[in-house]
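K.L.:
Top to bottom, those sequences are chains W and L. Just so we're aligned: the first sequence equals residues 1 to 658 in the working numbering. Just so we're aligned: the second sequence equals residues 1 to 600 in the working numbering.
Keep in mind that the hints were calculated from the coordinates and are not lab data. Watch out, some of these pointers could steer you wrong.
[To be verified] In silico PhoX-like pairs for lysine-lysine, Cα to Cα no more than 20 Å straight-line:
#: 1; chain 1: W; residue 1: 441; chain 2: W; residue 2: 414
#: 2; chain 1: W; residue 1: 601; chain 2: W; residue 2: 414
#: 3; chain 1: W; residue 1: 177; chain 2: W; residue 2: 486
#: 4; chain 1: W; residue 1: 625; chain 2: W; residue 2: 642
#: 5; chain 1: W; residue 1: 285; chain 2: L; residue 2: 431
#: 6; chain 1: W; residue 1: 285; chain 2: L; residue 2: 439
#: 7; chain 1: W; residue 1: 285; chain 2: L; residue 2: 425
#: 8; chain 1: W; residue 1: 486; chain 2: W; residue 2: 414
#: 9; chain 1: L; residue 1: 328; chain 2: L; residue 2: 3
#: 10; chain 1: W; residue 1: 434; chain 2: W; residue 2: 625
#: 11; chain 1: L; residue 1: 431; chain 2: L; residue 2: 511
#: 12; chain 1: W; residue 1: 285; chain 2: L; residue 2: 432
#: 13; chain 1: L; residue 1: 511; chain 2: W; residue 2: 285
#: 14; chain 1: L; residue 1: 432; chain 2: L; residue 2: 511
#: 15; chain 1: W; residue 1: 641; chain 2: W; residue 2: 625
#: 16; chain 1: L; residue 1: 328; chain 2: L; residue 2: 2
#: 17; chain 1: W; residue 1: 531; chain 2: W; residue 2: 601
#: 18; chain 1: W; residue 1: 647; chain 2: L; residue 2: 531
Model, not experiment: these values are computed from the prediction.
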Amino acid sequence: MNGKQERRPAAAPSFDMRPGGRGNPHSRASVQKPKNMKKTVARLLRYIGSSRYILIALLVIMLVVTAAELVGPLLQGNAIDAIEPVYRNAETGEILYNYDKNHPVFEDIAVKTTFEVHFWRTDYMGRDGETAGLYTYLIAMAAVFLVCSVLHYFQGIIAAKLSQRTVFVMRNDLFRKISRLPISYTDNHKHGDLMSRMTNDVENVSNAISQSITSLFSAALTLVGAFAMMLILSPLMTLVAMVTVPLSIFISTKLGKFMRRYFVRQQRLLGGLNGTVEEMVTSYKTVVAYGKEEAAVSQFSEISEGLRDCAVSARVWGSVMGPVMNFIGNLQYVLVAATGGAMILFGGPGSISIGNIQSMLSYSKRFTRPINQIANQYSAILTALAGAERIFEVMDQADEIDEGTLEIAPGDIKGNIEFEDIFFHYVEGEPVLKGFDLSVKAGQKIAIVGATGSGKTTVVNLLTRFYEVVGGRITVDGIDIRDMPKSTLRRAIAIVLQDTVLFHDTIRANIMYGRPDATEEEMIAAARHAKANSFIERLPEGYDTLLDEAGSNLSEGQRQLQAIARAVLADPKILILDEATSSVDTRTEMHIQQAMVALMKNRTSLIIAHRLSTIRDADVIVVVKNGVIAEAGDHDTLLAKKGEYAKLYQNQFAGIAT
Amino acid sequence: MKKLFRYLKPYRFFAIISPLLMMGEVLADLCLPYLMSFIVNYGIIGEELAGNRVASFLVGIFYPNGGYSNLNLIILFGVLMLVVTLIGGFFGTLCAYTAARASQSFGHDLRRDAYRRVMSLSIEQTDRFTTGSLVTRMTNDIAMIVEFIEMILRMFVRAPMFFIGGSIFLLMLNVEFGVVLLVSLPVMLLTLIFVLARAVPLFGTVQKRLDRVNCVVQENVGGARVVKASVREEYENERFAVANGELRSINYRVLRLMAIMNPVLIFVQNFAVIAIIYIGGNSVAEGLGGMSTGNIMAAVSYVTQVIMSIMMVTMMFQSVSRALASAKRVREVLDTDPVIADGNGDMQVGGDIAVSFRGVSFRYPDTAGAPVLHDIDLDIRRGETLAIVGATGSGKSSLVQLIARFYDPTVGEVLIDGTPAQQYKLHDLRKKIGYVLQKSELFSGSVADNIRWGNPGATNAEIKAAASAAQADAFISSFSDGYESPVAEKGASLSGGQKQRLSIARAIARKPEILILDDATSALDLSTEAKLRGALREVMQGTTVIMIAQRVASVRDADRIAVIEDGTIRHCAPHEELLQISATYRDIYASQMGKGGAAV
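One chain only, chain W, in its complex shape (with noise of 0.2 Å):
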């Protein structure tokens, strides 16, 4: 891979994008913002509204929690003030009251500090009204608490069964609504795309239930509640307590939004660097023998440069944030201890006690804390709010249509098929058939030839109702096929792709996917009709073989013949064969044609192929161009004619060009 070359856009406008093609799955977002947030949110809130139960028990006991929290620092203030400072004449031990350091009174006198503890309740020397004492307090916080940390437990098992649940119903939805979706949703976007929605972005929605809403809420109840409560022990240092408020703000935003230019780089770096190893790494065979492995190496190692360099950064960048943080909560700690200093100092006795100023400085620190909490939570919630967007739009798509209600029993479809006058088009102004016209009667053999894109797959496409045709119309038995059930119209026919889908399960289950009520005869009969059964029963573990990731572990003629074999036990009365032995070596597939042969007694089929070979013996072929049927008839037939069907036939046999 050579100099420059960035990674543009996937989306080039120059290429045809082609029905089937295939993404990548990690494409990693760092925060994203949502388009439509206030639609966005009322939606998510409907979904986690199906659970309105769990989540009241959860904000209600989160109320109880925040109070009782905020309750605490009182309690602790009262407690330490139940230690009550007491100024002594130094010489005569002779209690000093309403001593004043400023006050002339005092000015001879040398004064002693002792401690006078209130354990119960005792007289207070300074402070008129007390009617507790130092264990009255701790056993009060004593009990606060304890039920903090059992609600706490409760909240954190019922958060839990929130996000799981509205994560499980999310998911489900999904991926019933993905099972509904036209094939053209899925043949037009990037498998690794949906993927991505049904993992990361439900990922993050249940993460920001959660966590967010649940600290969000705790935030905010925190934030009213310290300010009350400060403003109930003194107004005054309230009012100071705030003055580091919008400087914590300014500076958290300002200096996070300069963090966040590292970390969206780094982002992009790491994306980089996971598409290099995997571009590499998926291509070996090239990069190998084409000796690139040095050239590899030093890209990947200049990409791995850049992400040290800009992960240096970040975090240094990331790790300022705590220290001025901790700056300017000390700032706030001193400003309200002097304030508070000075109003004990000039109040004199009684305005304030020390215990309150300990309480204020308890309540400043959770005042400012949520904040930061608010701060740290905006672009989780953010990126939840983009990821439902995502999982959304995929719920707002239209539904396959199937509002056919003909009912039929399978098994009274003979298989005449008609196509009248087929206009389809993938893309506007690109049509693919025009006017494609195609009688077939129960128990024909029909091959369908020409050039890649002139439309074969799709004569298929539509006939499975896939696609629905644009103009014209498709019966089968002469009922239209919009009129029945898709379910009807699809049990009656079996369909054998190019590429070979297999399911990880067992061979066993894979056979009899199209048909899961067969016995074990019939599907032991299906895999030696389509010539299946020799590397099967060969495999140690014969039909419990259990097929890895996709099948991988056997070879592609393999997975082609189980395919097969799974059509011929679906027993249907039209068969479709779309380039069905393409990875077949043409001996083997002749003998699968032998099986095929039977196979294909009594039913309708279609069959594409490249090969002509396979298609020689069909009832009639059809050849296609330019979206109309350029000729048709029997092998034959068509030979003498000298037309298209010969030009093609040639061209295989002489390898000649024309």
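Once you've looked at the hints, dock chain L against the given chain W.
P.N.:
Using the frame of chain W, we list chain L on its own:
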């Protein structure tokens, strides 16, 4: 892990200084509650300074002659607090820098070496690791280790220092406070052990069930046609709901276990505070020396710090186990010795035999049963076009892979230009070869970048010429950006035939001595393929061409056609002759051309 620490060595200056700096930050943090207690004791309450040597020393510096008010003291200690905060912050930031410098440099070096190792492995070795796992090892696993190193450098000093320092300060205030630690620490530790011992084994299960959910989605998205055609949507919904439900239940179990931690922490922390006030209050009442309100408040701060440090340590232990697992996975890569290694570079190039197989047998490493290839003896002349045909799984691809040394033969040897392939430097060997795989592999970058890939020095004209010969020029030119059009998503936007032609252009641009086409034209229609063959004959004069193909039309013009059956070469002759001598070839011919094969 130990072996990986070697990578930290070049950065040992940063690695050693970073914990030292952290000590500065921790000391500053530990001083703060102490200074706060001065504010309370001497500024607010107005105790005599004489009671505390540190406090009176500090005041003595700034007010050598006395004459300070209590408010002066508050402000003095307040400013000191801010100064200490700043110093702590300074050390903290420096520590973050040194730790990041050391760990990230470590990470880069490790990543580079691991990647270089991956790039030296044989095909079989990378296959055994699997692509996905190699990608995770290169990225996530190394990131995990880097994070861990950074955490060690910063936190492994921080937590114990907080623990020890906090405890010392606490005991200095009052020895009896030690009781609080003695009771609360075991409670916390036992809870943590209880929770983690149960939760950690569940993490693996969570991952497995998540994989299962992903697997079902993947199958349904990728196999939507089959699901729909088989009308199994309901079944798939069921299947997903089961997988999803299992994931939910295990997640819930983990979260429920974790939910124990928070309340216990709150409980222990607050009861420690209560105990401190209780003990402190009693000490004050007994008139024990130096005990006062400010001290109790400081003690409350210290006990909180100590308990938080325990929390920190346990969190670290959690990541130790994760980092160790990652380290093991990275080590596995580093410890894998490439089985295909450079030769000594001794070459006696000569003769007119380009490729020669001598008594070659081959079986894929670690497989049993019959060998894939056996008793292969074949000489391919320079400039010859040799075609290889045979059934699926007969060993065609395996045979040509031996030429490029993707694998080494189990028995026998392969000679390239008269020199055993194993004697070449790999780079020299592969420079001779242009290899086009069955499955085209393209890279992100422009079309031109992709063609130039095998020959970075190629001029634009050479690239265009190569594309023309590969029958790719026409479709490339139809793109609005022509040769500069991006190839996105490994060519997902290109058709199979277009991808194959680009791969062939890439091989041609390399101007190889030996061109290997491993079923590389299967997606081309016949007329395009024929044009391609014609162009190759013209452009690649003197080049040895070895091509695997399925279609008789593709091979019949070759100088010789090798028929492989059951892992060995049955016949090797021109088309006409093969029709006479090889029944298999006749079979293949007949299967494609019809019984008589007589049309034309």
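K.L.:
Does each hint fit the structure? Answer for all of them.
P.N.:
Checked hints:
1. W:441 <-> W:414: holds (9 Å)
2. W:601 <-> W:414: holds (13 Å)
3. W:177 <-> W:486: holds (16 Å)
4. W:625 <-> W:642: Distance of about 16 Å is within 20 Å: holds.
5. W:285 <-> L:431: holds (14 Å)
6. W:285 <-> L:439: holds (10 Å)
7. W:285 <-> L:425: Distance ~18 Å between residue 285 of chain W and residue 425 of chain L Cα, so the pair holds.
8. W:486 <-> W:414: The given pair, whose Cα atoms are some 17 Å apart, holds under the 20 Å limit.
9. L:328 <-> L:3: holds (10 Å)
10. W:434 <-> W:625: holds (10 Å)
11. L:431 <-> L:511: holds (9 Å)
12. W:285 <-> L:432: holds (16 Å)
13. L:511 <-> W:285: holds (19 Å)
14. L:432 <-> L:511: Roughly 8 Å separates the two Cα atoms, so the pair holds.
15. W:641 <-> W:625: At roughly 16 Å apart (the allowed maximum being 20 Å), residue 625 of chain W and residue 641 of chain W satisfy the hint.
16. L:328 <-> L:2: Given pair residue 328 of chain L, residue 2 of chain L holds - Cα atoms ~10 Å apart, limit 20 Å.
17. W:531 <-> W:601: The given pair, whose Cα atoms are some 17 Å apart, holds under the 20 Å limit.
18. W:647 <-> L:531: holds (15 Å)
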